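Student: Read off the chains here:
Number of protein chains: 2
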Amino acid sequence: MVKIRMDIENIESKKIKFNLDTGFSPNQCSKKRMLSDMEGMYNNIKEYRNILQKGDKIVYEFHDLDINQRSAELCYGTTVVYPGKVGDEYYMTKGHFHEVLDTAEVYYSLKGQGILLMENIDGRIEIQEMEPGDSVYVPPGFAHRSINISKNEPFITFFVYRADAGHDYKTIENKGFRKLVIERNGTPTIIDNPNWNNK
Amino acid sequence: MVKIRMDIENIESKKIKFNLDTGFSPNQCSKKRMLSDMEGMYNNIKEYRNILQKGDKIVYEFHDLDINQRSAELCYGTTVVYPGKVGDEYYMTKGHFHEVLDTAEVYYSLKGQGILLMENIDGRIEIQEMEPGDSVYVPPGFAHRSINISKNEPFITFFVYRADAGHDYKTIENKGFRKLVIERNGTPTIIDNPNWNNK
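In order, the protein sequences belong to chains C and G.
In terms of our numbering, the first sequence has 633 at position 9, counting the first letter as 1, and numbering is strictly consecutive.
In terms of our numbering, the second sequence has 699 at position 75, counting the first letter as 1, and numbering is strictly consecutive.
It is worth saying that the hints were derived from the structure and are not from the lab.
Accuracy of the hints is not assured; some may be wrong.
What the hints assert, rightly or not - List time: in silico DSS-like cross-link candidates among lysine-lysine, alpha-carbon distance up to 30 Å:
1) C/Lys-709 / C/Lys-656
2) G/Lys-638 / C/Lys-799
3) C/Lys-638 / G/Lys-775
4) G/Lys-641 / C/Lys-718
5) G/Lys-681 / G/Lys-709
6) G/Lys-639 / C/Lys-799
7) C/Lys-638 / G/Lys-718
8) C/Lys-655 / C/Lys-803
9) G/Lys-799 / G/Lys-775
10) G/Lys-639 / G/Lys-718
11) G/Lys-639 / C/Lys-638
12) G/Lys-639 / C/Lys-803
13) C/Lys-641 / G/Lys-638
14) C/Lys-775 / C/Lys-655
15) C/Lys-709 / C/Lys-799
Said to hold, decoys possible - Now the stretches of chain C that chain G is said to cover, found in silico as 3 or more residues with beta-carbon under 8 Å:
16) 638-647
17) 696-705
18) 725-735
19) 750-761
20) 777-787
Remember, predicted model here, so these are calculated numbers, not experimental data.
Think of the CB as a built atom: it goes at the ideal place given N, C-alpha and C, for glycine as much as any other residue.
Generate the whole structure from the sequences, applying the supplied hints.
Tutor: Here it is in structure tokens:
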């Protein structure tokens with residue numbers, strides 16, 4: 625880093641490093657979602673429990689910065705979804721709507737191969753594959769889930785949303801997404817969720 | 625890219641690639657700011673005109689996507705500031721306030737060495753150096769300018785702000801920033817702008 629001479633006192637502002645290669649920050653903790661936190665999220669419940677019995681694992685982690693929850697402000701950070709599957713279903717985030725439903729989110733992919741699965745309350749589905757350098761705009765009103773479709777690399781994205789948007793996890797926890805992303809004959813494949821809204 | 629079998633019709637959503645190494649998009653045009661667009665922005669007017677006489681140059685370019693200007697939505701893209709100086713003052717963006725003053729912005733640095741210079745209407749200054757992987761939060765109310773302090777690399781950032789924020793360029797065009805970033809003995813140095821508010 626270039627050394628700078630400062631002629632100014634009291635310089636302060638928020639700078640946070642998120643390593644472009646790992647997604648991690650040297651000075652910001654990430655929240656970890658373990659496989660045990662994902663109860664009911666995967667279609668193959670038997671396989672989910674089989675894997676858990678052998679020991680818990682991290683499925684993904686993300687940053688949740690302490691930003692004022694005002695519409696003037698923005699929350700941001702990285703999400704790291706690890707490679708893995710439960711049966712034929714890829715490791716993924718829980719996914720959520722925003723509590724303030726009419727708010728968008730921007731994702732920018734730094735590493736790996738992933739899918740952003742989106743659906744709104746009317747059942748409209750949007751699906752975007754992401755490779756490094758792809759930005760995806762999650763339109764207002766769409767629940768969104770990040771899915772890692774690579775075999776051995778983490779899927780890492782930088783995200784930004786309005787700081788008052790909030791998280792509604794419950795709708796997805798109760799209903800699921802209408803679609804699942806599974807591996808079929810070695811290929812990521814979108815199928816209908818046989819258990820959607822069945823709980 | 626992994627090939628995906630889609631069982632769904634009408635899949636559409638906004639995906640835009642911004643190359644992590646160059647900042648450029650294969651399918652989105654950038655807006656270019658030429659040296660000739662920067663009349664009055666640099667402190668050394670004589671040197672500015674000397675350079676211009678030898679031929680115009682690109683100082684920076686950025687993306688301005690067609691997003692609904694609603695507070696629910698987000699504008700995003702990349703800015704590429706080229707290396708160079710006018711006299712001892714580094715190449716930089718014009719810098720602006722948001723028209724909706726109480727709106728933040730997030731920058732994420734992809735390449736190069738830069739400075740984000742910020743000031744609010746009360747004269748509070750915030751300055752952040754950025755290297756690849758650094759995010760900087762521009763608090764609501766702060767004008768912001770990106771400055772490339774490297775000798776030979778572009779300074780590339782990914783940015784996100786509320787889509788209704790708007791741009792107030794005029795305040796800075798008329799007054800300038802209170803501080804300048806210049807090279808002194810080979811080192812980026814912050815000094816008072818001798819011509820601040822003198823127009």
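Student: Hint by hint, note whether the structure agrees.
Tutor: So, going through the hints one by one against the coordinates:
1. At most 30 Å may separate the alpha-carbon atoms for a hinted pair to count; C/Lys-709 and C/Lys-656 meet this at roughly 17 Å.
2. For the hint pairing G/Lys-638 with C/Lys-799, the CA-to-CA distance comes to about 26 Å; that is within 30 Å, so the pair holds.
3. The hinted pair formed by C/Lys-638 and G/Lys-775 meets the criterion: a straight-line CA distance of about 26 Å does not exceed 30 Å.
4. A threshold of 30 Å between alpha carbons decides the hint, and for G/Lys-641 with C/Lys-718 the separation of about 25 Å falls inside it, so the pair holds.
5. Distance restraint check for G/Lys-681 and G/Lys-709: the Cα-Cα separation of roughly 11 Å lies within the 30 Å cut-off, and the hinted pair is therefore satisfied.
6. Between G/Lys-639 and C/Lys-799 the CA atoms are separated by roughly 27 Å; this keeps the pair inside 30 Å, and the hint holds.
7. Between C/Lys-638 and G/Lys-718, the direct Cα distance comes to roughly 22 Å. Compliance with the 30 Å bound is thereby established for this hinted pair.
8. Restraint check for C/Lys-655 and C/Lys-803: satisfied, since their Cα atoms lie roughly 26 Å apart, inside the 30 Å limit.
9. Of the supplied pair hints, the one linking G/Lys-799 and G/Lys-775 holds, its CA atoms being roughly 28 Å apart against a limit of 30 Å.
10. Distance restraint check for G/Lys-639 and G/Lys-718: the Cα-Cα separation of roughly 28 Å lies within the 30 Å cut-off, and the hinted pair is therefore satisfied.
11. Using a Cα cut-off of 30 Å, the hinted pair G/Lys-639 and C/Lys-638 holds, with the two alpha carbons roughly 29 Å apart.
12. Simply put, G/Lys-639 and C/Lys-803 have alpha-carbon atoms about 20 Å apart, close enough for the 30 Å limit, and the pair holds.
13. With a C-alpha separation of about 27 Å, the suggested pairing of C/Lys-641 with G/Lys-638 holds against the 30 Å cut-off.
14. The straight-line distance between the Cα atoms of C/Lys-775 and C/Lys-655 is roughly 23 Å, inside the 30 Å bound, and the hint therefore holds.
15. Taken as a hint, the C/Lys-709 and C/Lys-799 pair is honoured in the structure, with Cα atoms around 21 Å apart against an allowance of 30 Å.
16. Counting residues of the stretch 638-647 of chain C whose CB lies closer than 8 Å to any CB of chain G gives 7, so the stated coverage by that chain holds, three being the minimum.
17. Using a Cβ-Cβ cut-off of 8 Å, 4 residues of the stretch 696-705 of chain C lie near chain G, which meets the minimum of three, so the contact claim holds.
18. With 7 residues carrying a beta carbon less than 8 Å from a beta carbon of chain G, the stretch 725-735 of chain C meets the three-residue requirement, and the given coverage holds.
19. Counting residues of the stretch 750-761 of chain C whose C-beta lies closer than 8 Å to any C-beta of chain G gives 12; at least three are required, and the coverage claim holds.
20. Counting residues of the stretch 777-787 of chain C whose CB lies closer than 8 Å to any CB of chain G gives 5, which reaches the minimum of 3, so the coverage claim holds.
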